[in-house]
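Colleague: Sequence:
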Amino acid sequence: MFKIFWQKPLTVLSLLTALFLVSAHSHADTLTASVDRDTLSIQETFTLSLRYSGQSRSAPDLEPLQEDFEILSTQQSNQMQIINGRMASNTDWHIALAPKRSGQFTIPALTLDNVSSQPININVEAQNQSAQSGGQSVFVEIETDKDSAYVQ
Numbered sequence: 005m006f007k008i009f010w011q012k013p014l015t016v017l018s019l020l021t022a023l024f025l026v027s028a029h030s031h032a033d034t035l036t037a038s039v040d041r042d043t044l045s046i047q048e049t050f051t052l053s054l055r056y057s058g059q060s061r062s063a064p065d066l067e068p069l070q071e072d073f074e075i076l077s078t079q080q081s082n083q084m085q086i087i088n089g090r091m092a093s094n095t096d097w098h099i100a101l102a103p104k105r106s107g108q109f110t111i112p113a114l115t116l117d118n119v120s121s122q123p124i125n126i127n128v129e130a131q132n133q134s135a136q137s138g139g140q141s142v143f144v145e146i147e148t149d150k151d152s153a154y155v156q
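Positions 5 to 156 (the numbering used here) are the ones given, in order, by the sequence shown.
Honestly, I wouldn't trust all of these hints.
To be verified - Across the chosen pairs, the derived CB separations fall in these ranges:
| no. | residue 1 | residue 2 | range |
| --- | --- | --- | --- |
| 1 | Gly-89 | Ser-53 | 25 to 33 Å |
| 2 | Ile-75 | Asp-33 | 46 to 54 Å |
| 3 | Tyr-154 | Asn-118 | 38 to 46 Å |
| 4 | Ala-102 | Phe-143 | 26 to 34 Å |
| 5 | Gln-70 | Asp-40 | 16 to 24 Å |
| 6 | Ser-152 | Gln-59 | 51 to 59 Å |
The set of hints was computed from the structure by calculation and includes no laboratory data. Beta carbons are placed, not taken as given, at the ideal position from N, Cα and C, and that holds for glycine.
Take these sequences, add in the hints, and give me the full structure.
Modeller: In structure tokens:
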């Protein structure tokens, strides 16, 4: 039996390639969403992170977010690892969002390549606690070792 494989290296190579492709695509792609905090004030921003467990040339549709949030910036990163013959790849998006008003909001399920994330609840308060506590003063004192300074 071993003689057959050694006599036909193309067959062995084809078989190994097929096994590698099946193992590389054996897991289902997922899209997970998370936020750095779920309670914030109207003056604050937060980051929505999306992770797609695969490589994608497209981006998720962020249109549903624009009703309740202002999209300040979007960053994308791609990662690929091959460990012990197993390939894993991730595509991450970090979206900075600012709420347009206070209240309870739900970040809807976002979709990428026919895969959807889970919705996330966000609580936006009218004022943060430090603004409600009377607005304490902040003093800053600076010392330098130079006698003269240059503008700009």
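Colleague: For each hint, tell me whether it holds in the structure or not.
Modeller: Structure-based check of each hint:
1. Between Gly-89 and Ser-53 the Cβ separation comes to about 29 Å, which falls inside the hinted range of 25 to 33 Å.
2. The given range of 46 to 54 Å is broken by Ile-75 and Asp-33, whose C-beta atoms sit roughly 24 Å from each other.
3. The beta-carbon spacing between Tyr-154 and Asn-118, approximately 60 Å, falls outside the hinted interval of 38 to 46 Å.
4. Roughly 29 Å separates the CB atoms of Ala-102 and Phe-143, a value that falls within the hinted 26 to 34 Å.
5. Between Gln-70 and Asp-40 the Cβ separation comes to about 20 Å, which falls inside the hinted range of 16 to 24 Å.
6. Distance hint check for Ser-152 and Gln-59: the Cβ-Cβ separation is about 57 Å, which falls inside the suggested range of 51 to 59 Å.
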